[in-house]
Amino acid sequence: MQLTGAQALIKSLEQMGVDTIFGLPGGAILPVYDPLIDSSIRHILVRHEQGAGHMAEGYAMATGRPGVAMVTSGPGATNIVTPIANAHMDSTPLVVITGQVPTANIGTDAFQECDITGITMGITKHNFLVTTAHEIPRAVAAAFYIATTGRPGPVLIDVPKDVTQAMMEWWWPETIEDLDLPGYHPESAIDGSLIAEAAALIAAAERPLLYVGGGVLKSRASAELLAFAERTNIPVVTTLMARGAFPDSHRLHLGMPGMHGMYAAVTAMQQSDLLITLGARFDDRVTGRLDGFAPHAKIIHADIDAAEFNKIRQADVAIRGQIKDTLLALDAATTHVGDIAPWWKTIDAWRDEFPLAYDPQDPAAQLRPQAIIEAIAARAKPGTIVTSGVGQHQMWAAQHWQYEIPGTWINSGGAGTMGFGVPAAIGAKAGHPDRTVWCIDGDGCFQMTAQELVTARAEGIPIKVAILNNAYLGMVRQWQEMFYEERYSEVYLSPDLPDYVMWAESMGCVGLRARTMEEAIAAIDLANTINDVPVVIDFRTDASEKVFPMVPSGATNDEILVHPSQRGA
Amino acid sequence: MAVPEPYTGVTSSSPVRHHILSVLVENKAGVLARIAGLFARRGFNIYSLAVAPADDSQRFSRITIVVDAESAPLEQIRGQLNKLINVVEIKDLAPKEALERELLLATVEVDEETRQAVLDAVAQANAAIVDVNDTSVTLMLAGTPAACDALERQLEAFAQIELHRTGRVALPRLSSEPTRN
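As they're listed, the protein sequences go chains A and B. Heads up: the first sequence begins at 1 in the working numbering, then just goes up one per residue. Heads up: the second sequence begins at 1001 in the working numbering, then just goes up one per residue.
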């Protein structure tokens, strides 16, 4: 069967089971948009290529299937660089297809030419420049294989226009060998002797802790984690990337560790004598000052990526493999656990003394952002997906929403990409049309990518957006207040400019505003009844509200600052 | 007389503790940029780098990288390199386990007074004359990095037109066990 390269590209995506592409056409990718008309694949036309990338990420994080984005060459390609970098940091499986100028024009500074494989070399798991139409099926199949196996990540396929216009005889790589990846061996069997060593460390530990990272979600190991934790009674912390990997309501769960983590979670890591590290990477936002991090802890480090071992913290036992397999093996090998009742007594005292706290909502005062998140959560159906941008609202959303199910918390962790929330919510909702998707956003973040609400309305993707509008770049403001003597530099945004309600309505969404708790509840209830168009609620919140607990930058986790109401004299 | 083999790994061309990575890669466009980019963004230092096709099929190339083992733990360098999809195999060689060689080519100006001294230096170093004209001599030495260092120092006495070194290639010594693979 003779096909054009463009037809082969679309057919290859169909072969991979792709149901949704987020994209925006342009000159170099034009040939591929023609066979797309005849394809069963849904294309969601974004308003900016960055939106396509973050939507694909949201789709991937919500469904566990790789997200696919397609854009043109030059600025189309550079506009999607931020989502690619974001997906690389958070190990999100993404396949990004970029058009490229015709092969003969590469290297001549042709119109809309840019070396996107060069630009993205350091922020993709791999990338390809396809030089013949015959290679297209292999490139697509290899891209999906690389993106989804081992430690997942973004893969970019750059396709010159003449390649998509050329004819090829259709074929499909049926085996891994056909992918021609002699250097890629993503999986490895668990080393049983290391499991035995780990089990011995667990048996000897007095203060063990399960330090759970995003790898547990990638490895779909939540059930195995729950079984292991319940059998051993070992306490659990879940990092920002792992929220939802272990039920927040579970008695063994101490919450999120790190810079804005729960006191008990942060302090348990500090005092632990054994960190059972699962798919986590000792990120600086978790460890605080490294030389003071968990000073008494031995380290079991389980990860699919061997390069994470001993990168930040020396491991006593490093186990390479899928976290799911490691947990099953550990569960089988762990015959007994030391007496950790005293450890639990200590932890429970921390939990009692320093729960998550904020000043109660004064009916006459501006809204407390934490109270808004709790009010939305209290009215949300189980399985509701939450996305966020980056900043204070992100931390509050991570702290004050109870995550019970994997894939219900979607945020930008490693890269800290402002503006992630709205397009990620659209992608998540496209992947799970039956679920409610709330984007908890800040006013600063919202302004970066809000135009994608036009996409959401046009494509019939009814997400809900809660803007915690404190009229500031709030996290920067918090740092300036606490560490720069309240010298506020370039952080004020105005609550009224833009008018978020009018803006939402001009984009075809329902726009609501709430200044009091009563208005807030009414707006949330109304939003929950609207399922045909996106809803945006402008919550006017108190700009002086700060995220606590907080470990100041450069401090050790022992120097954690709890909420002012919890500080002794 | 050949200069004795170095066993410390420290030579004037790589004055701190170094390690040799022999990296088999797919011979694909951009693979060298991927490796160089990885070293640059992770802060790993390269002392020398030699690249050549590794087999007749042109499918693979061999890159011999001398790395500064003090700029980053070798385990990290190997681990990150191994994540590059086009990297097929990495062998690392500690200097004392490695048979290292490189090629030095130099063109030196000579006159009636210096010609014999240059020839003596060539003979002493087991180097060879590969080209001559009335005013200059081109010589080559295939030898250990230390031998190349020594010859280079000797040639500093003469008016050099140009001196190039390839960077080293290496194989495990037969008398010692090959290192981790």
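Derived from the structure by calculation, the hints contain no laboratory data. Given the structure is predicted, the values throughout are model-derived calculations rather than measurements. Treat each hint with caution, since some may be false.
What the simulated footprint calls covered on chain B by chain A, stretch by stretch (three residues with Cβ under 8 Å from a Cβ of chain A suffice, anywhere in the stretch; the number is not a length) [what the hints assert, rightly or not]:
1. 1027 to 1041
2. 1107 to 1118
3. 1164 to 1174
Listed next, the in silico DSBU-like pairs over lysine-lysine satisfying Cα-Cα at most 30 Å (straight line) [claimed, not checked]:
4. B:1083 / A:298
5. B:1083 / A:311
6. A:345 / A:311
Every residue gets a Cβ at the ideal spot worked out from N, C-alpha and C, and that includes glycine.
Structure-based check of all given hints:
Residue count for the stretch 1027 to 1041 of chain B with a Cβ under 8 Å from a Cβ of chain A: 7. That meets the three needed, and the coverage hint holds. Counting residues of the stretch 1107 to 1118 of chain B whose C-beta sits closer than 8 Å to any C-beta of chain A gives 0, which falls short of three, so the coverage hint is violated. By the rule of at least three residues with a Cβ nearer than 8 Å to a Cβ of chain A, the coverage given for the stretch 1164 to 1174 of chain B is violated, with 0 such residues. At most 30 Å may separate the alpha-carbon atoms for a hinted pair to count; residue 1083 (chain B) and residue 298 (chain A) meet this at roughly 27 Å.
For a cut-off of 30 Å, the pair hint linking residue 1083 (chain B) to residue 311 (chain A) stands: about 14 Å separates their Cα positions. A threshold of 30 Å between alpha carbons decides the hint, and for residue 345 (chain A) with residue 311 (chain A) the separation of about 33 Å lies outside it, so the pair is violated.
Taken one by one, the earlier hints fail for this structure at numbers 2, 3 and 6, listed in ascending order.
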